[in-house]
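S.K.: With the working numbering as the guide, the letters of the sequence shown map in order to residues 98 to 225.
Derived by calculation from the structure, the hints in this document are not laboratory data.
The C-beta atom is built at its ideal place from N, Cα and C for all residues, glycine as well.
Check before you lean on any hint, since a few could be wrong.
Unchecked claim - Simulated restraints on C-beta separations:
1) 105 / 149: 29 to 39 Å
2) 219 / 117: 22 to 32 Å
3) 222 / 105: 12 to 22 Å
4) 122 / 162: 28 to 38 Å
5) 164 / 123: 30 to 40 Å
6) 168 / 107: 18 to 28 Å
7) 167 / 219: 14 to 24 Å
8) 216 / 169: 32 to 42 Å
9) 180 / 105: 33 to 43 Å
To be verified - No more than 20 Å apart at the CA atoms, straight line, and that leaves these computed lysine to aspartate or glutamate pairs for EDC-like:
10) 219 / 132
11) 109 / 132
12) 109 / 180
13) 217 / 117
14) 219 / 180
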Amino acid sequence: MRRFPYVYWRGKYCPLIEVEVINNDNRIRTLTYVDTGATYSIFHADFCEELDIELLSGERVNITVGDGGFIPIYLHDLRIRVENLEIDGRIGFSDRLGTGIDILGRDGILDDYLICFDGKNKEVLWHV
Numbered sequence: 098m099r100r101f102p103y104v105y106w107r108g109k110y111c112p113l114i115e116v117e118v119i120n121n122d123n124r125i126r127t128l129t130y131v132d133t134g135a136t137y138s139i140f141h142a143d144f145c146e147e148l149d150i151e152l153l154s155g156e157r158v159n160i161t162v163g164d165g166g167f168i169p170i171y172l173h174d175l176r177i178r179v180e181n182l183e184i185d186g187r188i189g190f191s192d193r194l195g196t197g198i199d200i201l202g203r204d205g206i207l208d209d210y211l212i213c214f215d216g217k218n219k220e221v222l223w224h225v
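Generate coordinates for the entire structure from the input sequences, incorporating the hints supplied.
M.R.: Dropping the structure here:
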């Protein structure tokens, strides 16, 4: 099991984890919000250039966001590293992600693990 302490963000402690997204020899590191309510992991499209990915070449999916509207995301098969754990999964990118932080979601990433939020101790428990 891995433990990730919550990070103070926007005035409160949140379940944030740093991940590395890998596409061949191209890598980016970013802080993600662990969101078991999100179907997909979604990163801002600005990372596509650094990862040598053509945004629009991915599978387009329209997702519903908090206000009931839709945004397009483009899914790509990539690898994510969380500490020394590497996971191959489908990652969405969008230039309309308005959360201010990237999202680590269920499909192909969190669904393969038991993820618990320990609010009392302010940490994410990731059972491997």
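S.K.: Now look at each hint and say whether the structure bears it out.
M.R.: Results of checking the hints against the structure:
Distance hint for residue 105 and residue 149: a CB-CB separation of about 33 Å, consistent with the stated range 29 to 39 Å. At about 23 Å, the CB distance of residue 219 to residue 117 agrees with the hint of 22 to 32 Å. Between residue 222 and residue 105 the beta carbons are some 19 Å apart, a value that agrees with the proposed interval 12 to 22 Å. Under the hint 28 to 38 Å, the C-beta atoms of residue 122 and residue 162, about 33 Å apart, fit the expected range.
Checked against the given bound of 30 to 40 Å, the beta carbons of residue 164 and residue 123, roughly 33 Å apart, stay inside it. In this structure, residue 168 and residue 107 meet the distance hint of 18 to 28 Å, their C-beta atoms being roughly 21 Å apart. Distance hint check: the CB atoms of residue 167 and residue 219 are about 33 Å apart, inconsistent with the given range 14 to 24 Å. Between residue 216 and residue 169 the beta carbons are some 33 Å apart, a value that agrees with the proposed interval 32 to 42 Å.
A hinted range of 33 to 43 Å is violated for the C-beta pair residue 180 and residue 105, which are about 20 Å apart. Distance restraint check for residue 219 and residue 132: the Cα-Cα separation of roughly 15 Å lies within the 20 Å cut-off, and the hinted pair is therefore satisfied. Between residue 109 and residue 132 the alpha-carbon distance is near 16 Å, which keeps this suggested pair within the 20 Å criterion. Between residue 109 and residue 180, the direct Cα distance comes to roughly 24 Å. Violation of the 20 Å bound is thereby established for this hinted pair.
The straight-line distance between the Cα atoms of residue 217 and residue 117 is roughly 28 Å, outside the 20 Å bound, and the hint therefore fails. At most 20 Å may separate the alpha-carbon atoms for a hinted pair to count; residue 219 and residue 180 meet this at roughly 19 Å.
Against the hints set out earlier in the document, violations occur for numbers 7, 9, 12 and 13.
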